[in-house]
Structure formats: structure tokens, C-alpha cells
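K.L.:
Residue strings, one per chain:
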Amino acid sequence: MSGMLAIVLPVAILIGGAFIIYVLARLFNLNNRVEAILTVVVLAIALMALVNNYHQIEELATNPDAVFGDFSPGGIVLIPSALGIFIMIISIIVSIMITVYSGEYLMRDSRYLNYYPLILLTQAGLMGMFLSNNLFNLLLLTELSTVAASSLIAFRFNQHIAIRAGFKYLIMNSLGTMMMLLGIYFLYRSTGDVHLFHILSAPDNLTRIAAGCFLLGFSLKAGVFPLHTWVPDVYGHAPSAIGGLLAGVFSKSMLFILPVICLRLGMTYEELGTYLMVFACFNMLVGSVRMLGENLLRRFLSFSSIAQTGYLMFGLGIGFYYNLDEAFSAGLFLFMVIAIMKCLGFLASGIYQFYFRTQDITQLQGEAHRMPLVALCFSVALAGLAGIPLLAGFTGKWIIFSVALMTGDLFAIICLAIFLLTTLISLGGYLPLLVRQYQKPNEGEQVDADRQFPERVSGWLVAPIVILAILVILIGVFPGPWVSLIDYVVGWMVI
Amino acid sequence: MEYYEMLLPGITVVPIIGVVVLLIWRKANKKQAAIIGILSESVALVIPLVLLSVLRRNEYIVFSLPWIPNMGVSFRLSLNWLSLTFLMTEVIVTLVAMVYSLGEKTGEKHSNYYYALLLLFSLGMSGTTLSDDVFLFYIFWELMLVASVLLILVWGHGEIRFKVALKYFIFTHLGSLMVLVCLITMYVNFGTANMTEWMAQVSSLPVNMQVFMIIFFLIGFSVKMAIFPLHIWLPDAHTVAPMPVTIILAAAMLSMGTYGILRFPFTFFTLERLQPFAIWMMLAGLVSEVYGALMALAEKDIKRIVAFSSVSQMGYILFGLGTLTMRGMQGAIMHVVYHAIIKGLLFMVVGILIAITNERDIEKISGLGFKFPALCISAAIGVLGISGMPPLGIFNSEWMIFAGGFDSGVSIALTVMTLIGSLLTVIYALRFFGSIFFGKRLPEDLPKKAPLALVIPTMAVTIFLIIEGLIPGPMLTWATKGLAGIFGGIF
Numbered sequence: 001m002s003g004m005l006a007i008v009l010p011v012a013i014l015i016g017g018a019f020i021i022y023v024l025a026r027l028f029n030l031n032n033r034v035e036a037i038l039t040v041v042v043l044a045i046a047l048m049a050l051v052n053n054y055h056q057i058e059e060l061a062t063n064p065d066a067v068f069g070d071f072s073p074g075g076i077v078l079i080p081s082a083l084g085i086f087i088m089i090i091s092i093i094v095s096i097m098i099t100v101y102s103g104e105y106l107m108r109d110s111r112y113l114n115y116y117p118l119i120l121l122t123q124a125g126l127m128g129m130f131l132s133n134n135l136f137n138l139l140l141l142t143e144l145s146t147v148a149a150s151s152l153i154a155f156r157f158n159q160h161i162a163i164r165a166g167f168k169y170l171i172m173n174s175l176g177t178m179m180m181l182l183g184i185y186f187l188y189r190s191t192g193d194v195h196l197f198h199i200l201s202a203p204d205n206l207t208r209i210a211a212g213c214f215l216l217g218f219s220l221k222a223g224v225f226p227l228h229t230w231v232p233d234v235y236g237h238a239p240s241a242i243g244g245l246l247a248g249v250f251s252k253s254m255l256f257i258l259p260v261i262c263l264r265l266g267m268t269y270e271e272l273g274t275y276l277m278v279f280a281c282f283n284m285l286v287g288s289v290r291m292l293g294e295n296l297l298r299r300f301l302s303f304s305s306i307a308q309t310g311y312l313m314f315g316l317g318i319g320f321y322y323n324l325d326e327a328f329s330a331g332l333f334l335f336m337v338i339a340i341m342k343c344l345g346f347l348a349s350g351i352y353q354f355y356f357r358t359q360d361i362t363q364l365q366g367e368a369h370r371m372p373l374v375a376l377c378f379s380v381a382l383a384g385l386a387g388i389p390l391l392a393g394f395t396g397k398w399i400i401f402s403v404a405l406m407t408g409d410l411f412a413i414i415c416l417a418i419f420l421l422t423t424l425i426s427l428g429g430y431l432p433l434l435v436r437q438y439q440k441p442n443e444g445e446q447v448d449a450d451r452q453f454p455e456r457v458s459g460w461l462v463a464p465i466v467i468l469a470i471l472v473i474l475i476g477v478f479p480g481p482w483v484s485l486i487d488y489v490v491g492w493m494v495i
Numbered sequence: 496m497e498y499y500e501m502l503l504p505g506i507t508v509v510p511i512i513g514v515v516v517l518l519i520w521r522k523a524n525k526k527q528a529a530i531i532g533i534l535s536e537s538v539a540l541v542i543p544l545v546l547l548s549v550l551r552r553n554e555y556i557v558f559s560l561p562w563i564p565n566m567g568v569s570f571r572l573s574l575n576w577l578s579l580t581f582l583m584t585e586v587i588v589t590l591v592a593m594v595y596s597l598g599e600k601t602g603e604k605h606s607n608y609y610y611a612l613l614l615l616f617s618l619g620m621s622g623t624t625l626s627d628d629v630f631l632f633y634i635f636w637e638l639m640l641v642a643s644v645l646l647i648l649v650w651g652h653g654e655i656r657f658k659v660a661l662k663y664f665i666f667t668h669l670g671s672l673m674v675l676v677c678l679i680t681m682y683v684n685f686g687t688a689n690m691t692e693w694m695a696q697v698s699s700l701p702v703n704m705q706v707f708m709i710i711f712f713l714i715g716f717s718v719k720m721a722i723f724p725l726h727i728w729l730p731d732a733h734t735v736a737p738m739p740v741t742i743i744l745a746a747a748m749l750s751m752g753t754y755g756i757l758r759f760p761f762t763f764f765t766l767e768r769l770q771p772f773a774i775w776m777m778l779a780g781l782v783s784e785v786y787g788a789l790m791a792l793a794e795k796d797i798k799r800i801v802a803f804s805s806v807s808q809m810g811y812i813l814f815g816l817g818t819l820t821m822r823g824m825q826g827a828i829m830h831v832v833y834h835a836i837i838k839g840l841l842f843m844v845v846g847i848l849i850a851i852t853n854e855r856d857i858e859k860i861s862g863l864g865f866k867f868p869a870l871c872i873s874a875a876i877g878v879l880g881i882s883g884m885p886p887l888g889i890f891n892s893e894w895m896i897f898a899g900g901f902d903s904g905v906s907i908a909l910t911v912m913t914l915i916g917s918l919l920t921v922i923y924a925l926r927f928f929g930s931i932f933f934g935k936r937l938p939e940d941l942p943k944k945a946p947l948a949l950v951i952p953t954m955a956v957t958i959f960l961i962i963e964g965l966i967p968g969p970m971l972t973w974a975t976k977g978l979a980g981i982f983g984g985i986f
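Read top to bottom, the protein sequences are chains A and B.
Heads up: the first sequence begins at 1 in this note's numbering, then just goes up one per residue.
Heads up: the second sequence begins at 496 in this note's numbering, then just goes up one per residue.
Here chain A stands alone, though its shape is the one from the complex (with noise of 0.2 Å):
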């Protein structure tokens, strides 16, 4: 009963978390402060009760009571996972961090009563899907969090740029769910069941096509090429710190996803192991070279999440296509660091807008003068996105470089090039930018009156993208503890 309980824990916590924040909130009407601080609270409880269970990991992986929940029509199944919890101890780490931002970010805003919940329910949604094992709860899951993320992403609806990024992205990711729900529906007429635990024998093109539905589906949501034109569009107008929690975590965090469900429906580990390399080229290519001519800061960081949405899917490809467990551990390794680097961009780039009222890249010149410490974040961001040494993108890239070579095989290194050819156009994209904050502010630069240089930059702003990039740092310099802690959770992993 315990084992059942701790599984379910977190996500009662989040959920139940999240109503009882915007209660108080709607009736002691308090402050946007006080109200992110109560959720970090909330999320750090949850945090707890997930490092409880990853320290179970063994005796939950292990033992076949680890359930909660039942397996009849229409019950919730919940199974813990080693790969769910560890995505999820991401997920809620970078929230935390996001959370505390927005304890100064949303100061402008009138609305931050919703803002705190609906965190708290996507991560609730994204954890649910983790866990749950019957697919249609697993599609109402993936729904609540979709809502939850659209929300956010339309939060400031008195911007009409804003309202059309939340729209856009409902309406892709419905299209994407629509697209799993398809799937049910095959694989309910094969089998008559829509638990994945059952769904074990032989299986026929129902179950394929219903594969075929999901893949599809979470390749749209995770921005996979063609997929991904959606990207750009929705967290280049999302606010800065929802951006860096869906490019950084939520979507990438799909690419784990898919891989459960569809093996479990009979996709051979070659096929999917072939798509995902195939298309991981595609969008290593797309997002480096689209990246390049990009002039709008958060657009830029899309751009170059959909190459790192590649990067992903290449180290995973491999594990898949050649049966390594080491390329597993490379695609967790990187999915770890791209989280923390990419949520360090888009907060520290954030700050930028927050002060300056502006995306444009061009009007960052010399912006280094002015807030030393946000460029220097903004700048191991970059750096560890362009893979220099001794920043966690540097080890990332040399783990992938070492399982591509280690399958010594002609696709795997082929890809290997294009993997090589982007991350070197992708420096022509990192490196301006991240100059650019250190040259000298145009001379007679016209300097819009909606600009405000503060005396110092708040702390809450600061705190989180200092905290992120010394992770950066410390585990490109010391990323031994990491790989271990990263090997073990794909020792105990079940896909």
C-alpha cells in the first residue's frame, strides 16, 4: 500500500497543490510574491515525495505490486517508471527555477492568480503521462497538460501576438492528441483493451497503424520535422519563462514518451531506431539553419531548440537502431543538460525583454555594459548550447560523438556529419549573438522611452539564472557524478 501511495504522491501533490493555491490566492488575494513562493513550496514537496521514490527505484521496478490503481474498463493505472521520475526531478527542478522568476517577472501582470496553477498542473499532466499505463487516461493527461500549456503560453491575452501563440499551439497539439486518439481507437478494435500492460502479444496492422497514430502525435507535440513549424511561432511570443519550461522540458520530454508506447504496439526497434535518426537530421538541419537569419532573441533559442530536439532524437535514435544502452544514457545525459541550458536562455533573455521592452537582437549591443551578470548567464548559455569545453553542452556533444563512433557503423556516422556540419553552422548563430552584448552600444542609437535601465536587476530575476548556469559549469567540469547517476537510472529502465 505504501509502494501504491508513494507512486501517486507527487502528482496529488501538484494537482491537489495547485487548487489549493488558487483558492487562497482568490481569497486572501495575495500577492504575486507570496504566491510563488507557495508554489515553490508545493513543487519542492513534490520534488521530495519524487527523490523518495527514485531512491525506491529498485524495490518499484522490481516488484510487480508496484501499482496503483486497477486494471479494469475504464480504471487509472499508474506505473512508476525510473526514466518518468528522473525526467520529472528535471522537470520540477527547472519549474522551480521558473517559478521564482516569475516571482518578479509577473509583477506587471494582473493575472499571475491563474499563472501558479497552471504550472503546477502541467507538471501534473507531464508527470501523469509518465506514469499512467492505460493509454486513454494517458490521453487525458497529455490534454490537461496541453490546456494547462496554452494557457500559460496565451497568459498575457491582451496581446494579440500572445493569444494567437496559445491558439496555435492548442490547435497543433489537438491535432497531435486527436492524432492519439485515432490510435485508441485502433488498438481498441484490435485488442479491446487499452492497457499497455496487456498489449503484449503479436501484433497485427491494427495495433501498427495505432502505433503509427502515436507516433506521429508525439512527434508533433515534441516539434519533430515537418512537424515543428508550430515551434518558433509559440515560444517566441510565450512569456520568456514558459518558454525556457515547454522548449527546455515539455516537449522534449515527449521524445520519451513515444518510445514506450510505440514499441509496446509493436514497432520494431530498428523502425523506430530509423525514423528517429532520419528525422532527427532534419530538424538538426532545419533549427542550426533557420537559427542563422533569425532576429527576434526568442525565436532564435526556438530555432535552436528544434536542432537540440534533433540532438535528442540522434542519441536516441542510436540506443534504438543499434540496441545501445550507452546512447540511452547519452540522449537522458543531454536531454538533462539542454533543459537547464535552454531554461537559462530563455530566462536570461527574458530579463532582456523584461527591462528593455525588446526581442530584437540588434538592440542587445552592448547590453553587457549594462547588466554584467545577466550577459555573463545569457553567455555560458550560449556557450554551452555552441558545446565549448568545460561547459555541460561540451560533454553532452562528446557523449554523443562517442556512441555515434562506438556503433562504427555507416548510418550512424553519417548522421554523425550532419550532426558535426550543424553544431559548426550553429556557431555562426551562438557566437554573434553572444559577442554582440559585449561590443559597444551603437553610437546615437535611438533609445526607446518604454526602456528602462534599472539600477540593479531583482534578485528574483537573477537568482534562478545564476543558480542554472553554475549547473552548467559544474557539470561540464565535473560530469562524472551525473553519468553515473544517469547510467543507474538506465540500468533500472523498462522500455
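Be a bit skeptical, because a hint or two may be false.
[Unchecked claim] Which residues of chain B face chain A? A few of them, derived with a C-beta cut under 7 Å, are:
#	residue
1	Leu560
2	Asn565
3	Glu603
4	Ile634
5	Leu648
6	Ile655
7	Phe657
8	Ile665
9	Leu669
10	Ile679
11	Thr680
12	Val683
13	Ile860
[Unchecked claim] Computed far set for chain B versus chain A, every beta-carbon distance over 12 Å:
#	residue
14	Trp520
15	Ser559
16	Met681
17	Gln696
18	Val702
19	Pro724
20	Val950
21	Ile966
Simulated from the structure, these hints should not be mistaken for laboratory data.
Everything numeric in this text was worked out from a predicted model, so none of it was measured.
Beta carbons: idealized from backbone N, C-alpha and C, even for Gly.
With chain A held as given, fit chain B onto it using these hints.
P.N.:
Chain B in isolation, oriented as in the chain A frame:
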């Protein structure tokens, strides 16, 4: 652990301490920052000198500390005769550039960062030379690039520096990635990052893979050496960089490509495996030699003339390596050292010329010989040195390189062509010297004296060049000992 093993990491740790002090001491003026920089670098120079006696007994010194055990990575440094030669070159060049900076305008602002970056640049090079762990090697290799790019970005000349720095970064990074592919291939195949342990296992790799790796290594390191047609980053980077950085780039960093070739393909693969590449390396060397010289002849900007001369000189070195003979490689190593001294000297002369005339166009500077006799003598020695005039250093190394070419039996014709090609060097060198120091005198509004801080290191290097040329014995011994591990120790 013996005392000398503990001393070895000092070569990398002391500059790091210097960097930390400089970063903390933000109000340091240029002199103070320079003192910290020069002190740290001097310690980094003294340590290998102290270790020299140990090296005579042991042939190599290793220091190892666990770093990332689950990836098989350790902080492992190793000093042997080969690395010693390159290490000393880099450290001395950096020291000279640091002293020279004092007389330059560069680094007046943010002096602490300037000297910290010079230290990091040097640390990147010395770390690369000493690393015996592949992960560590690549980190130092990239540190070298990042530090030099930052120096160009912040203290470089003109707005074009941003574009030049980007081009320099991306282009050399391409070479680095090619090297990285090979390094990681070995790392995953042998299951360890310890490069000494690779030695015994390389022969177990499939022949095709070995061939690919040799190609990648050679191309990757040729980018760093700026061999034609992979040189396109060099002229711009050297021209735009502030003079002290140009000195380090040309005199020290280019040699890292040579070290890379000796350290990797030449150490790990057998002579038999490398033999098919001999002619290509010699050919690339010849083309680079001639192309660099022709471009130096065609250029008007005095800094670019000397920069293109580097492309040409690297051609000689690659030719020497390509001969795959003992003499050729001895010559190549010696050429690295002599080139470092002479190129350092020539850039210093150019720096002084720019400082006193405020002009870079060779057609607008003339007749300085009588007004600045000491400078004229230094330049004359530098120019004669680079032309291969005995007894100045390069004569010795070119002699060895050409002898290696004839020894190799690969292609006598190529060697003869390279020999004849060296005439072009004499032509551009004499044109450089003649048109600047002779001819019509410039108006008299020039300063009477060149800045002392520029002249002193220039004179010191000139004297050092003469001494080194007259007594080539120790250099030859080091080069010979350095080649002991090449091709599995067949020499």
C-alpha cells in the same frame, strides 16, 4: 609520488592562479597586471627547466589524478622531450609577448582581463602539449582557440574584428572537429582516455579506419598550421589581432598543428601506414610554401606580408614532416623553434614600425634605416634569418628539411622544387626590408625614438636568434630525443 611529478601540474596550475588573481584584482593597472602575468608565466617557464635534469634520467614524467572515473578520464599530464621543445617555445613566446605588450597601446583598458586571457591562451597551448588524456587534450585545445578569439574580439583592430574572429573560430573549429572524430574513435575503441595506453592497441584497428583517421588528423591539424588551402583564417586573424596576440598566434600557436601531427598520426601509426601520405604532405608543403611567398610578395600591408610568410614557413615544416625521415622531422621541429623566434622578431619589428609611422602600407614607409639603425639591424637579422642565411637558425632547419627530402626517396623533383621555391622567400623578405629601410626618407615628423618597451624585447630576441643559430647543437639534440617515440620508436 616523487617531487618532480608534483611539480609538473604547476605548469598549468600557476597560470590558473595568475588568472584568478587578475580576475579578482580588477583595479590593477597595466603594469601591475603585466607583473602578475609575467610572474606566472615565468614560473611556468622555470618548472620545465627544473625538470630538465629529471628528464635526462627518466625520459618522461607523468602526473595523474582521477577526474571522471566513469568515463575513464583523468587529469593526466606527461612531459617528454617532444613536448618539452614545444612547451618551451610557447611559454617563451608568450613571455616575450607579455613584455612587448607593455610598450603597446593594447590592453590599456581592462588590463587584468587582457593579461588573464594571454595567460589562458598560453595555458591552452601548454596544456595541449602536456595532456596525456584525450578529454583533457581537447579541452586545452579549445581553450587555446577560445582565449585567442576573445583577445581578437576585445582588443582587435577595427569593426571587422567581429567577422574575422567568427571566421577564425568556425574555420579552426572545423579542423578541431575532424581531430575530435579521430580522438573519440580511439577513445571508444580502446575504452580509455589515457593516450599512452592507446599505443599498444592502435594496430588492432581495421586498416581502413586507420587510413581515415590519418587523413582526418592530417587535415584537422593542417587547418591549425594554416596550410594552403586551409589557411584562409590566418591572414585576417593575424592582421586584425593586436600585435602581441599576433606574435603568439604566429610564433607559438601555429606550431600546435605540427605538434598535433607528431603527437597523433606520427606516434600512433606505423611508418608503413603513413608512407602513402608522404607525397601528399610534401606536395601540400610545397604548394603552401610557394603560395604563401607569392602572396607575401603581392601584399602591401606590412602585417599581412609577415602573416603570409607564416603560411609559407608552415609549408616548409609540413614538407619536412612529409619526408617521414629522421632528418626531415628533425628539421621540421627545429624549424618550428627557429620560425617562432624569427616570426616573433619580424612581428615585433612590424609593431614598432606601425607605432612610429602609424602606417601599414609598405609603399608609404621608406628610408627608415638611417633614422632607426638598431631597428634596421634587428629587421635585417630577421629578414636574413627567414631567408635561410647561415649561420642564422633557419639555415640549419632548412638544410635538414631538404636533406630529409632527398633522403626520403619519395620524389627528388618535389624536393628540388621546394628548394628553388625558397628563393621566393628571399625575394619577399628583401623587398620587405629594402623598401622599408631604404629609399626615400619620410618627412621628419617621426618620433625620434621607438618606445623602449618595444625595443628591449626586440633586441633580446635578435640576440637570442643569433646565439641559437650559432649553437644549434642543443636544439638538434632535443629534436632528436623528441623523435624517439615516433612510428613506434623506429628511429
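K.L.:
Next, verify each hint and record whether it holds.
P.N.:
Against the structure, the hints:
1. The restraint placing leucine 560 of chain B at the interface with chain A is violated, with a minimum CB-CB distance near 13 Å, outside the 7 Å limit.
2. Among the interface hints, the one on asparagine 565 of chain B holds; its C-beta lies about 5 Å from the nearest C-beta in chain A, closer than the 7 Å criterion.
3. For glutamate 603 of chain B, the shortest C-beta to C-beta distance to chain A is roughly 16 Å, which exceeds 7 Å, and the interface hint is violated.
4. Nearest Cβ of chain A to the Cβ of isoleucine 634 of chain B: about 4 Å, under the 7 Å cut. The hint holds.
5. For leucine 648 of chain B, the shortest C-beta to C-beta distance to chain A is roughly 6 Å, which falls under 7 Å, so the interface hint holds.
6. At a threshold of 7 Å, the smallest CB-CB gap from isoleucine 655 of chain B to chain A is about 13 Å, leaving the interface hint violated.
7. This hint holds: phenylalanine 657 of chain B has a C-beta 6 Å from the nearest C-beta of chain A, less than the 7 Å allowed.
8. At a threshold of 7 Å, the smallest CB-CB gap from isoleucine 665 of chain B to chain A is about 5 Å, leaving the interface hint in force.
9. Interface restraint check: leucine 669 of chain B against chain A, minimum CB-CB distance 6 Å, threshold 7 Å, status holds.
10. Interface hint at isoleucine 679 of chain B: satisfied, since its Cβ lies 5 Å from the closest Cβ of chain A, which is below the 7 Å cut-off.
11. Taking 7 Å as the C-beta cut-off, the interface hint given for threonine 680 of chain B holds, the closest approach to chain A being about 5 Å.
12. Annotation: interface hint on valine 683 of chain B holds; nearest CB of chain A at approximately 4 Å, less than 7 Å.
13. The criterion of a C-beta within 7 Å of any C-beta in chain A is not met by isoleucine 860 of chain B, whose closest approach is roughly 31 Å, and the hint is violated.
14. Here tryptophan 520 of chain B stays apart from chain A, with its beta-carbon at least about 17 Å from theirs, past the 12 Å limit.
15. Against chain A, the non-interface label of serine 559 of chain B holds: every CB pair exceeds 12 Å, the least being about 16 Å.
16. Taking the minimum C-beta to C-beta distance to chain A, about 9 Å, the non-interface status of methionine 681 of chain B is violated against the 12 Å cut.
17. Non-interface call for glutamine 696 of chain B relative to chain A: holds, since the shortest CB-CB distance, roughly 15 Å, exceeds 12 Å.
18. No beta-carbon of chain A is positioned within 12 Å of the beta-carbon of valine 702 of chain B; the least distance is around 14 Å.
19. The beta carbon of proline 724 of chain B sits about 18 Å from the closest Cβ of chain A, which is more than 12 Å, so the claim that it is off the interface holds.
20. The Cβ of valine 950 of chain B lies farther than 12 Å from every Cβ of chain A, with a closest approach of about 33 Å, so its non-interface assignment holds.
21. Chain A leaves isoleucine 966 of chain B outside its interface by the beta-carbon criterion, the shortest separation being 40 Å against a cut-off of 12 Å.
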